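This is what each chain is made of:
There are 2 protein chains.
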Amino acid sequence: MQKIKVIGVGPGIRSMITFEALEAIKGARVVIGGKRHLEEFALPGQEKYILANNLEEIAAIIRGRREEGVAVLATGDPGLYGVLSFLKKFWDPGEIEVFPGVSSVQLAFARLCLPWHDAMILSAHGRPSGGLAELAAQSSKTALLTGSDNPPEKLFKLLENTGPERKFYFCFDLSMPSEYILELKSGEIYPEELKGRHNCVMVVLND
Amino acid sequence: MQKIKVIGVGPGIRSMITFEALEAIKGARVVIGGKRHLEEFALPGQEKYILANNLEEIAAIIRGRREEGVAVLATGDPGLYGVLSFLKKFWDPGEIEVFPGVSSVQLAFARLCLPWHDAMILSAHGRPSGGLAELAAQSSKTALLTGSDNPPEKLFKLLENTGPERKFYFCFDLSMPSEYILELKSGEIYPEELKGRHNCVMVVLND
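If you're matching them up, the sequences are chains A and B in order.
The opening position of the first sequence corresponds to residue 0 in numbering that gives the first Met the number 0, with each subsequent residue numbered one higher.
The opening position of the second sequence corresponds to residue 0 in numbering that gives the first Met the number 0, with each subsequent residue numbered one higher.
Hints may be right or wrong, so weigh each one.
Quick list of the computed label-pair ranges, beta carbon to beta carbon [to be verified]:
#1 A/L42 / B/E133: 48 to 56 angstroms
#2 B/K153 / A/R35: 40 to 48 angstroms
#3 A/E22 / B/G129: 37 to 45 angstroms
Don't read these hints as lab results, they were simulated from the structure.
Because the structure is a prediction, the values reported are computed rather than measured.
Even for Gly, the Cβ is constructed at its ideal location relative to N, Cα and C.
Kindly produce the complete structure, drawing on both the sequences and the hints.
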C-alpha cells in the first residue's frame, strides 16, 4: 500500500520548503492543500483538492485515491497544530509518511532573533480561545497562532493582563511581501488599521 | 554593517535544508559550523572554521570578518538549543539574521507520526542532566536531545521511573543511512550494542 504523504511546506513560499518536501509533492498524483499552497507547489498535471473545513470529504478522497499517490500539504510543520491529528483518526502511523517543514512559529522567533525551545506554543486558529489566558499566564514565553475567529486584536485583549509588564509581538504575513511586525506592551492601543488581519503569529514575553 | 547570518541547516543532509538557507550559505565568504555541516554545505572557495568547544575564538573570527559576510551553520533550527543564545551575548538582534531550519526534534516526531506542539523540549547535549527527570515527570510528551556526556542509555536510567508506564523512543542518526529507531518501556533492558551511540533524539510518552 502507498503511504499517505503529509508534507510540511513551511510558511508557504518556495524558498522556505525543503528539497525533499518539494520532491515528494512532485511524485504525487493527487495533491490536497490550502488554495495558496496548491497554487505555489502543485504541478499542472496533478489533481488538486482544496483543504478547508471539508475534512471528512478529504478523508474520502484519500481513501479512494491512495494507491495513485496522495500528498497532503500542511502549512509549516505537520506536527504543529496541523492536519496530522485528524488523519490519524483514520489511518495508522505506518500508513502515513510525515515530511517536516519550517513552522511559522519558528520563523516568528527567527525574525525576533529569539530561541524558542522554552516557549509554550498555543493555537487559537479554528478552535476556541477559552483557557488560553490561563495557559499563557504560566509561561514567560508564548507563541500563539491566530485565526479569523480569534484575530490578534481579540487575543491581545484576552492576554494583555495575564502578567505584569508583558511584551507582545504581532508577526503578520511572515515570509510574504506584506510581512510586518508590530510590538506592543500591555495597555497600549492596538492599531485600528491592523484590525481584521489575522495571518499572524503572536509572541508574548515577560518584559 | 553586514548582518551575521545564523543558518539552520536541518538535520544535516542537503535534501532537508531550505532553498533560502542554501542560498544564504553560498553568499558568505566565511562559513563557520560543525565539521560534518561544513563538508556538506560549504563551497570550495569559502573560508571554513570548525565550530566545537571554541565559542570565544569563533566570536573573535566573526568580529574580525563580519564585513566580508559570515554564515554560522546551526544544526536543525538555530532557535532550538543552538548557537543563537551565545551570539546574542555579543551582538544585538538587529545585527543577526536567523534562517530557520527543520530541527531533529521535528524529524523525530515526523518519524513517529506524532504532533509535537504539546511536547516539552529539553536538552542534555553539552549541559548537565540535573533536573531533567523532574521536568520530564511533569510532561506527558517530552523530547530530549542527548549528547556524549549524556548518552541515551544514561538518560533512560534517569527517566524510566519518572512516571508509570512510560514509553521511550530512541531516534538515532536521524536522516542518515544509519538511522534507527528503538522503542523501550520502563524497566526493559537497553541494548548493549547501542551503548555509546549518542546522536539521538529521545521521545518519552506516557503510555
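Each hint tested on the structure:
Restraint check, A/L42 to B/E133: a C-beta distance of roughly 51 angstroms satisfies the suggested window 48 to 56 angstroms. At about 46 angstroms, the beta-carbon gap between B/K153 and A/R35 stays in the expected band of 40 to 48 angstroms. Range check, A/E22 to B/G129: about 43 angstroms between beta-carbon atoms, so the 37 to 45 angstroms window is met.
Violated hints: none; the structure is consistent with every hint.
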